[in-house]
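Asker: One-letter residues, chain by chain:
Protein chains: 2
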Amino acid sequence: MSYAKPIQVFAVTGASGALGRAIVQTLAGPANRHIVLVGRDQRTLEELAGEVAAGDSVLHVVSGADAAQPGAAAEAVVAKLLDVLAAVGGERVGQLVLVHSAGTLSDLRKRADQYGNDEIAAYTTVNFVSFAVLAARFLEFAKDTGAERIGVVNISSLLAIQPFANWGLYAATRAGRDQLMRVVALEHANDPRVKTLSYAPGPLVGDMQASVRAEIADPAQRELYDRLHREGKLVRPADTARLMCDLVHAWEFESGAHVDVFDLVPPPA
Amino acid sequence: MSYAKPIQVFAVTGASGALGRAIVQTLAGPANRHIVLVGRDQRTLEELAGEVAAGDSVLHVVSGADAAQPGAAAEAVVAKLLDVLAAVGGERVGQLVLVHSAGTLSDLRKRADQYGNDEIAAYTTVNFVSFAVLAARFLEFAKDTGAERIGVVNISSLLAIQPFANWGLYAATRAGRDQLMRVVALEHANDPRVKTLSYAPGPLVGDMQASVRAEIADPAQRELYDRLHREGKLVRPADTARLMCDLVHAWEFESGAHVDVFDLVPPPA
Numbered sequence: 000m001s002y003a004k005p006i007q008v009f010a011v012t013g014a015s016g017a018l019g020r021a022i023v024q025t026l027a028g029p030a031n032r033h034i035v036l037v038g039r040d041q042r043t044l045e046e047l048a049g050e051v052a053a054g055d056s057v058l059h060v061v062s063g064a065d066a067a068q069p070g071a072a073a074e075a076v077v078a079k080l081l082d083v084l085a086a087v088g089g090e091r092v093g094q095l096v097l098v099h100s101a102g103t104l105s106d107l108r109k110r111a112d113q114y115g116n117d118e119i120a121a122y123t124t125v126n127f128v129s130f131a132v133l134a135a136r137f138l139e140f141a142k143d144t145g146a147e148r149i150g151v152v153n154i155s156s157l158l159a160i161q162p163f164a165n166w167g168l169y170a171a172t173r174a175g176r177d178q179l180m181r182v183v184a185l186e187h188a189n190d191p192r193v194k195t196l197s198y199a200p201g202p203l204v205g206d207m208q209a210s211v212r213a214e215i216a217d218p219a220q221r222e223l224y225d226r227l228h229r230e231g232k233l234v235r236p237a238d239t240a241r242l243m244c245d246l247v248h249a250w251e252f253e254s255g256a257h258v259d260v261f262d263l264v265p266p267p268a
Numbered sequence: 000m001s002y003a004k005p006i007q008v009f010a011v012t013g014a015s016g017a018l019g020r021a022i023v024q025t026l027a028g029p030a031n032r033h034i035v036l037v038g039r040d041q042r043t044l045e046e047l048a049g050e051v052a053a054g055d056s057v058l059h060v061v062s063g064a065d066a067a068q069p070g071a072a073a074e075a076v077v078a079k080l081l082d083v084l085a086a087v088g089g090e091r092v093g094q095l096v097l098v099h100s101a102g103t104l105s106d107l108r109k110r111a112d113q114y115g116n117d118e119i120a121a122y123t124t125v126n127f128v129s130f131a132v133l134a135a136r137f138l139e140f141a142k143d144t145g146a147e148r149i150g151v152v153n154i155s156s157l158l159a160i161q162p163f164a165n166w167g168l169y170a171a172t173r174a175g176r177d178q179l180m181r182v183v184a185l186e187h188a189n190d191p192r193v194k195t196l197s198y199a200p201g202p203l204v205g206d207m208q209a210s211v212r213a214e215i216a217d218p219a220q221r222e223l224y225d226r227l228h229r230e231g232k233l234v235r236p237a238d239t240a241r242l243m244c245d246l247v248h249a250w251e252f253e254s255g256a257h258v259d260v261f262d263l264v265p266p267p268a
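Top line first, the protein sequences correspond to chains R and L.
Per numbering that gives the first Met the number 0, the very first residue in the first sequence carries number 0; after that it's consecutive.
Per numbering that gives the first Met the number 0, the very first residue in the second sequence carries number 0; after that it's consecutive.
The set of hints was computed from the structure by calculation and includes no laboratory data.
Keep in mind that the hints are not guaranteed to be accurate.
Pairwise CB distance ranges, derived in the manner of DEER restraints [to be verified]:
hint: 1; chain 1: L; residue 1: 190; chain 2: R; residue 2: 40; range: 37 to 47 angstroms
hint: 2; chain 1: R; residue 1: 191; chain 2: L; residue 2: 121; range: 26 to 36 angstroms
hint: 3; chain 1: R; residue 1: 86; chain 2: L; residue 2: 229; range: 54 to 64 angstroms
hint: 4; chain 1: R; residue 1: 87; chain 2: L; residue 2: 266; range: 47 to 57 angstroms
hint: 5; chain 1: R; residue 1: 86; chain 2: L; residue 2: 113; range: 47 to 57 angstroms
hint: 6; chain 1: L; residue 1: 232; chain 2: R; residue 2: 3; range: 42 to 52 angstroms
In silico SDA-like cross-links for lysine to any residue, where the CA-CA straight-line distance does not exceed 20 angstroms [claimed, not checked]:
hint: 7; chain 1: R; residue 1: 232; chain 2: R; residue 2: 267
hint: 8; chain 1: L; residue 1: 109; chain 2: R; residue 2: 232
hint: 9; chain 1: R; residue 1: 109; chain 2: L; residue 2: 185
hint: 10; chain 1: L; residue 1: 142; chain 2: L; residue 2: 216
hint: 11; chain 1: L; residue 1: 142; chain 2: R; residue 2: 115
hint: 12; chain 1: R; residue 1: 109; chain 2: L; residue 2: 113
hint: 13; chain 1: R; residue 1: 142; chain 2: L; residue 2: 86
hint: 14; chain 1: L; residue 1: 109; chain 2: R; residue 2: 53
hint: 15; chain 1: R; residue 1: 142; chain 2: L; residue 2: 216
hint: 16; chain 1: R; residue 1: 109; chain 2: L; residue 2: 188
hint: 17; chain 1: R; residue 1: 79; chain 2: R; residue 2: 113
hint: 18; chain 1: R; residue 1: 109; chain 2: L; residue 2: 79
hint: 19; chain 1: R; residue 1: 109; chain 2: L; residue 2: 110
hint: 20; chain 1: L; residue 1: 142; chain 2: R; residue 2: 108
hint: 21; chain 1: R; residue 1: 109; chain 2: L; residue 2: 189
hint: 22; chain 1: L; residue 1: 109; chain 2: R; residue 2: 250
hint: 23; chain 1: R; residue 1: 232; chain 2: R; residue 2: 250
hint: 24; chain 1: R; residue 1: 142; chain 2: L; residue 2: 115
hint: 25; chain 1: R; residue 1: 142; chain 2: L; residue 2: 143
hint: 26; chain 1: L; residue 1: 142; chain 2: L; residue 2: 93
hint: 27; chain 1: R; residue 1: 109; chain 2: L; residue 2: 190
hint: 28; chain 1: R; residue 1: 142; chain 2: L; residue 2: 109
hint: 29; chain 1: L; residue 1: 142; chain 2: R; residue 2: 113
hint: 30; chain 1: L; residue 1: 109; chain 2: R; residue 2: 190
hint: 31; chain 1: R; residue 1: 232; chain 2: R; residue 2: 248
hint: 32; chain 1: L; residue 1: 79; chain 2: R; residue 2: 112
hint: 33; chain 1: R; residue 1: 79; chain 2: L; residue 2: 112
hint: 34; chain 1: L; residue 1: 142; chain 2: R; residue 2: 188
hint: 35; chain 1: L; residue 1: 109; chain 2: R; residue 2: 188
hint: 36; chain 1: R; residue 1: 4; chain 2: R; residue 2: 53
hint: 37; chain 1: L; residue 1: 109; chain 2: R; residue 2: 143
hint: 38; chain 1: R; residue 1: 142; chain 2: L; residue 2: 70
hint: 39; chain 1: R; residue 1: 109; chain 2: L; residue 2: 143
hint: 40; chain 1: R; residue 1: 4; chain 2: R; residue 2: 250
C-beta atoms are modelled at their ideal positions from N, C-alpha and C, and glycine is treated no differently.
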């Protein structure tokens, strides 16, 4: 009998984005934890791995994961997770979690009738198909391990449940991802190992929100986001990452649920 | 000044399916109405056009519209609508409506983690991208005509708002389509010509429901649908097509709304 704590393995996509980076930093620390940083560029990920205060956790890198190539990206993630589990040998795996933070803004200068045909197809591949493929391959793999808790965290958005002008493809793909997570939850109602969570992190301090403020065609939204920015009321990635990680560690969320950061803390006035 | 009624133009995709056919038949009759039947197979569509009791309406056919080729399919529909409007010359266009009834079931034998990568990509193209592209090209075109009422009717499903096991890709793509329609509605809040509607027609008598009963892996759903089928409680395409067409003719629905057949008539006991 081993007295060691069971190991925990997290794969974080979009690891080099502001939120992904904050999630990696929040997770890092414990000796029994392996964190796989997933992204496109090897050097960016290695720099990130070097900057994170890893504590006793072990960081791994999967580069070349291009959301425009969903099958190849998913295979690369699963192959790395297999390596990690092989390296820890027969240790108990307490938690095996995919956090999907990769994603792009759709063109906020446009109404839905201004999107180009190729733009719609390419955006959908990167922001819906890549997630559905990765979630499928991750779950297929994870259920075949001895992991005691298997989680898929879909980094979602208020837009998944509330529409706003100029967010057509972003909102539609997030609504689709949320609904897929609800179906997966029902499909594992009798498999207590598996849970899914759609987490809306809020409007974040950082480059993505700067793009929103610069590009959004709808003047009312531009004004709202400008005000939140000026008044320092945008959400800090570290804060929302902490709230999300606390949910996952506690493992008490309802599987399939959409949880917004402002369900957990008061929204800005 | 003309005393003629303004003309009405409807394009119905998936016209050769059970629901599409019922919609075409329900719309047909008035002399001022043009109905464009959209589908893949020329012969099937011509046979359908021959079978419909067209009354004084004019039927048109667009074949070769393959949802796996969204751009080409959308171009073919818009080109035909341009022809129709050119042929009626300067007459007032009272209503110009796209009814998107095309779509396929996802593989109901599978959980989401059993889908193949290519299956996810191909299904998403046919059931989400094709709709988003057609809606975009239709609206872009329609807003440039003198049409007084411009509608996009997304044939949706209960699955868009309520998840069930084994419906992952179907549910996710319908949730995405509904959300896109809500965004389009907001984007035209100041353009009273344009409305969108997501209409869930109910579980229909016909081949698609027969496939559901034959294939669905979830025993509870199989039992439910078997019972509805045995007890004659599935919805008849003609009935739900009539309810949807009445909504569109009245033009009083809230733009962007998801309306279920059982919001309009009592559900089966």
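Asker: If a hint holds in the structure, say so; if it doesn't, say that too.
Answerer: Cross-check of the supplied hints:
Restraint check, residue 190 of chain L to residue 40 of chain R: a C-beta distance of roughly 43 angstroms satisfies the suggested window 37 to 47 angstroms. The hinted window of 26 to 36 angstroms between residue 191 of chain R and residue 121 of chain L holds, with their beta carbons roughly 33 angstroms apart. Roughly 56 angstroms separates the CB atoms of residue 86 of chain R and residue 229 of chain L, a value that falls within the hinted 54 to 64 angstroms. Between residue 87 of chain R and residue 266 of chain L the beta carbons are some 52 angstroms apart, a value that agrees with the proposed interval 47 to 57 angstroms.
For the pair residue 86 of chain R and residue 113 of chain L, the supplied restraint of 47 to 57 angstroms is violated, since their beta-carbon distance comes to about 28 angstroms. Restraint check, residue 232 of chain L to residue 3 of chain R: a C-beta distance of roughly 58 angstroms breaks the suggested window 42 to 52 angstroms. Of the supplied pair hints, the one linking residue 232 of chain R and residue 267 of chain R holds, its CA atoms being roughly 6 angstroms apart against a limit of 20 angstroms. Of the supplied pair hints, the one linking residue 109 of chain L and residue 232 of chain R is violated, its CA atoms being roughly 44 angstroms apart against a limit of 20 angstroms.
Between residue 109 of chain R and residue 185 of chain L, the direct Cα distance comes to roughly 13 angstroms. Compliance with the 20 angstroms bound is thereby established for this hinted pair. As the CA atoms of residue 142 of chain L and residue 216 of chain L are separated by approximately 44 angstroms, the hinted pair breaks the 20 angstroms bound. A C-alpha spacing of about 16 angstroms is found between residue 142 of chain L and residue 115 of chain R, which places the hinted pair at or below 20 angstroms, so the restraint holds. Restraint check: the Cα-Cα separation between residue 109 of chain R and residue 113 of chain L comes to about 36 angstroms, which exceeds 20 angstroms; the hinted pair is violated.
This hinted pair does not check out: residue 142 of chain R and residue 86 of chain L have alpha carbons roughly 61 angstroms apart, beyond 20 angstroms. Proposed proximity of residue 109 of chain L and residue 53 of chain R is contradicted: the alpha carbons are some 39 angstroms apart, above 20 angstroms. Taking the CA atoms of residue 142 of chain R and residue 216 of chain L, the gap is about 19 angstroms. The hint holds against a cut of 20 angstroms. Restraint check for residue 109 of chain R and residue 188 of chain L: satisfied, since their Cα atoms lie roughly 15 angstroms apart, inside the 20 angstroms limit.
Restraint check for residue 79 of chain R and residue 113 of chain R: not satisfied, since their Cα atoms lie roughly 40 angstroms apart, outside the 20 angstroms limit. Taking the CA atoms of residue 109 of chain R and residue 79 of chain L, the gap is about 26 angstroms. The hint is violated against a cut of 20 angstroms. At most 20 angstroms may separate the alpha-carbon atoms for a hinted pair to count; residue 109 of chain R and residue 110 of chain L exceed this at roughly 35 angstroms. At roughly 19 angstroms between alpha-carbon atoms, residue 142 of chain L and residue 108 of chain R fall within 20 angstroms of each other, so this suggested pair holds.
Of the supplied pair hints, the one linking residue 109 of chain R and residue 189 of chain L holds, its CA atoms being roughly 16 angstroms apart against a limit of 20 angstroms. For the hint pairing residue 109 of chain L with residue 250 of chain R, the CA-to-CA distance comes to about 26 angstroms; that exceeds 20 angstroms, so the pair is violated. For the given pair, residue 232 of chain R sits about 29 angstroms from residue 250 of chain R by alpha-carbon distance, which is inconsistent with the 20 angstroms threshold. Between residue 142 of chain R and residue 115 of chain L the CA atoms are separated by roughly 16 angstroms; this keeps the pair inside 20 angstroms, and the hint holds.
At roughly 53 angstroms between alpha-carbon atoms, residue 142 of chain R and residue 143 of chain L are farther apart than 20 angstroms, so this suggested pair is violated. The straight-line distance between the Cα atoms of residue 142 of chain L and residue 93 of chain L is roughly 13 angstroms, inside the 20 angstroms bound, and the hint therefore holds. With a C-alpha separation of about 16 angstroms, the suggested pair residue 109 of chain R and residue 190 of chain L falls inside the 20 angstroms cut-off, and the hint holds. Restraint check for residue 142 of chain R and residue 109 of chain L: satisfied, since their Cα atoms lie roughly 15 angstroms apart, inside the 20 angstroms limit.
The suggested pairing of residue 142 of chain L with residue 113 of chain R holds, with an alpha-carbon distance near 12 angstroms, which does not exceed 20 angstroms. For the proposed pair residue 109 of chain L and residue 190 of chain R, the alpha carbon gap of about 16 angstroms is at most 20 angstroms, so the pair holds. Among the hinted pairs, residue 232 of chain R with residue 248 of chain R is inconsistent with the structure: their alpha-carbon atoms are about 27 angstroms apart, more than 20 angstroms. As the CA atoms of residue 79 of chain L and residue 112 of chain R are separated by approximately 19 angstroms, the hinted pair is consistent with the 20 angstroms bound.
Restraint check for residue 79 of chain R and residue 112 of chain L: the C-alpha separation of about 19 angstroms stays at or below 20 angstroms, so the hint holds. Of the pairs offered as hints, the one joining residue 142 of chain L and residue 188 of chain R is violated, with about 47 angstroms between alpha carbons and a cut-off of 20 angstroms exceeded. Taken as a hint, the residue 109 of chain L and residue 188 of chain R pair is honoured in the structure, with Cα atoms around 15 angstroms apart against an allowance of 20 angstroms. As the CA atoms of residue 4 of chain R and residue 53 of chain R are separated by approximately 18 angstroms, the hinted pair is consistent with the 20 angstroms bound.
Between residue 109 of chain L and residue 143 of chain R, the direct Cα distance comes to roughly 17 angstroms. Compliance with the 20 angstroms bound is thereby established for this hinted pair. Taking the CA atoms of residue 142 of chain R and residue 70 of chain L, the gap is near 39 angstroms; set against the 20 angstroms cutoff, the hint is violated. Between the alpha carbons of residue 109 of chain R and residue 143 of chain L the distance comes to roughly 17 angstroms, so the proposed pair stays at or under 20 angstroms and holds. A C-alpha spacing of about 17 angstroms is found between residue 4 of chain R and residue 250 of chain R, which places the hinted pair at or below 20 angstroms, so the restraint holds.
Checked against the numbered hints given earlier, this structure breaks hints 5, 6, 8, 10, 12, 13, 14, 17, 18, 19, 22, 23, 25, 31, 34, 38; the rest are met.
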